[in-house]
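Chains A and B are the protein sequences, given in the same order. Just so you know, we're using my numbering here: the first sequence kicks off at 427 and counts up by one. Just so you know, we're using my numbering here: the second sequence kicks off at 2 and counts up by one.
Think of the hints as simulated: they come from the structure by calculation, not from any bench. By construction, the Cβ of each residue, glycine as well, lies at the ideal position given by its N, Cα and C atoms. There could be a bad hint or two in this list.
Stated by the list, open to error - Label pairs and their calculated CB-CB ranges:
| # | chain 1 | residue 1 | chain 2 | residue 2 | range |
| --- | --- | --- | --- | --- | --- |
| 1 | B | Asp82 | A | Val437 | 35 to 41 Å |
| 2 | B | Trp134 | A | Leu500 | 39 to 45 Å |
| 3 | B | Leu68 | A | Phe474 | 40 to 46 Å |
| 4 | B | Leu113 | A | Leu544 | 38 to 44 Å |
| 5 | A | Phe474 | B | Ser83 | 25 to 31 Å |
What the hints assert, rightly or not - Examples of chain B residues lying across from chain A (beta carbon under 10 Å, computed):
| # | residue |
| --- | --- |
| 6 | Glu22 |
| 7 | Leu33 |
| 8 | Met55 |
| 9 | Arg59 |
| 10 | Pro67 |
| 11 | Lys71 |
| 12 | Ser84 |
| 13 | Cys102 |
| 14 | Phe120 |
| 15 | Leu125 |
| 16 | Leu129 |
What the hints assert, rightly or not - One-sided excerpt, in silico: chain B residues whose CB lies under 7 Å from chain A:
| # | residue |
| --- | --- |
| 17 | Val6 |
| 18 | Ala7 |
| 19 | Ser15 |
| 20 | Gln20 |
| 21 | Gly49 |
| 22 | Asp70 |
| 23 | Tyr99 |
| 24 | Ala108 |
| 25 | Tyr112 |
| 26 | Leu113 |
| 27 | Arg137 |
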Amino acid sequence: MTKSMLSFDVVLPALLGGVLIGLSASVLLLFNGRIMGVCGILNQAINFKGGSNLWAWLFLLGLVAGPLASDAFLGTSQPVFEERTLLVTIVAGLLVGFGTSLGSGCTSGHGVCGIGRLSQRSIVSVLVFMLAAMVTVFVFRHMWGA
Amino acid sequence: MRNVVALLAGLIFSIGLAQSEMINPDRVLGFLDIFGQWDPALAFVLGGAVVVTMLTFRVILKRTHPLLDKEFYLPAKESLDSSLIAGAVLFGIGWGLYGYCPGPALAAIAYLEPNNGLFVLSLLVGTLLARWWVSRHA
Chain A
427 MTKSMLSFDV VLPALLGGVL IGLSASVLLL FNGRIMGVCG ILNQAINFKG
477 GSNLWAWLFL LGLVAGPLAS DAFLGTSQPV FEERTLLVTI VAGLLVGFGT
527 SLGSGCTSGH GVCGIGRLSQ RSIVSVLVFM LAAMVTVFVF RHMWGA
Chain B
2 MRNVVALLAG LIFSIGLAQS EMINPDRVLG FLDIFGQWDP ALAFVLGGAV
52 VVTMLTFRVI LKRTHPLLDK EFYLPAKESL DSSLIAGAVL FGIGWGLYGY
102 CPGPALAAIA YLEPNNGLFV LSLLVGTLLA RWWVSRHA
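Use the sequences and the hints to build the structure in full.
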């Protein structure tokens, strides 16, 4: 581990962002009694079998607007990242959608909220998907030759 | 009022994603790549968020009900099952392939990138497939 990895430029924005995410989850639970899990909220938004889910759509609207607001007023900018191939994009999207739905949660639901309330299911889920993701990156970056 | 809170929560959440650069999938892959040029940022993001929720959830969940509703909507299941594990494995593989989990992928919609649009579309199809799969095996 080099010194630059743990410099203030890396740690401070990460901690600040993390605290904002934790605050958002706290607000949603305190006022609405809801768990701030993005795939759970997405699932409720696209559940058309009745029941009021306007709040889920509004959460998603806020979610989409946030980065634009941050870029306009808070000094961030649109991320630039390596382009993925079509195959990787589709396969990854399908796996993320299917997996989070089957496993009842993703990084926000199981990670931020589930660990926050010390749920055994969430702690196990986070350990498993972190490990699976690290193995996947290892295979594709260091074994496959990428 | 609950709708306004939900909108604000979504906004704060993704401002957090933008500030921490977790909206950039390359930063996420940098964290997952423990044998490469390791980028610890995600650990501080998740750590910062969990420190907050551990403190606040404990206090909030002592209440009989939330401020604007009659009850807390918490997951009913408490025991481990194969769906939880299988789902986490599949999600993890997808996350490691692209670098996006659902939050940042949806938050980035407004950038109107075709590649991200395709990812979100696939994510929606995957979600509906899982719903069909679960209803078939229930």
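Hint by hint, here is what the structure shows:
1. Asp82/B <-> Val437/A: 35 to 41 Å: holds (37 Å)
2. Trp134/B <-> Leu500/A: 39 to 45 Å: Holds - the Cβ-Cβ distance for Trp134/B and Leu500/A, about 40 Å, lies within 39 to 45 Å.
3. Leu68/B <-> Phe474/A: 40 to 46 Å: violated (28 Å)
4. Leu113/B <-> Leu544/A: 38 to 44 Å: holds (39 Å)
5. Phe474/A <-> Ser83/B: 25 to 31 Å: Given range 25 to 31 Å: holds, Cβ gap about 28 Å.
6. Glu22: holds (7 Å)
7. Leu33: Nearest chain A Cβ about 4 Å off; hint holds.
8. Met55: For Met55/B, the interface hint holds, since the closest Cβ of chain A sits about 5 Å away, which is under 10 Å.
9. Arg59: holds (8 Å)
10. Pro67: It holds, given that the least Cβ distance between Pro67/B and chain A is near 3 Å, below 10 Å.
11. Lys71: Nearest chain A Cβ about 8 Å off; hint holds.
12. Ser84: holds (5 Å)
13. Cys102: holds (4 Å)
14. Phe120: With a closest approach of 4 Å, the Phe120/B hint holds.
15. Leu125: With a closest approach of 6 Å, the Leu125/B hint holds.
16. Leu129: Holds: closest Cβ of chain A sits about 8 Å from Leu129/B, inside 10 Å.
17. Val6: With a closest approach of 4 Å, the Val6/B hint holds.
18. Ala7: holds (4 Å)
19. Ser15: Holds - the Cβ of Ser15/B comes within 7 Å of chain A, reaching about 3 Å at its closest.
20. Gln20: With a closest approach of 4 Å, the Gln20/B hint holds.
21. Gly49: Result: holds, 2 Å to nearest chain A Cβ.
22. Asp70: holds (5 Å)
23. Tyr99: holds (4 Å)
24. Ala108: Check passed: Cβ of Ala108/B comes within 5 Å of chain A, closer than 7 Å.
25. Tyr112: Constraint on Tyr112/B satisfied, holds at 5 Å.
26. Leu113: With Cβ-Cβ at 10 Å, over 7 Å, it is violated.
27. Arg137: violated (12 Å)
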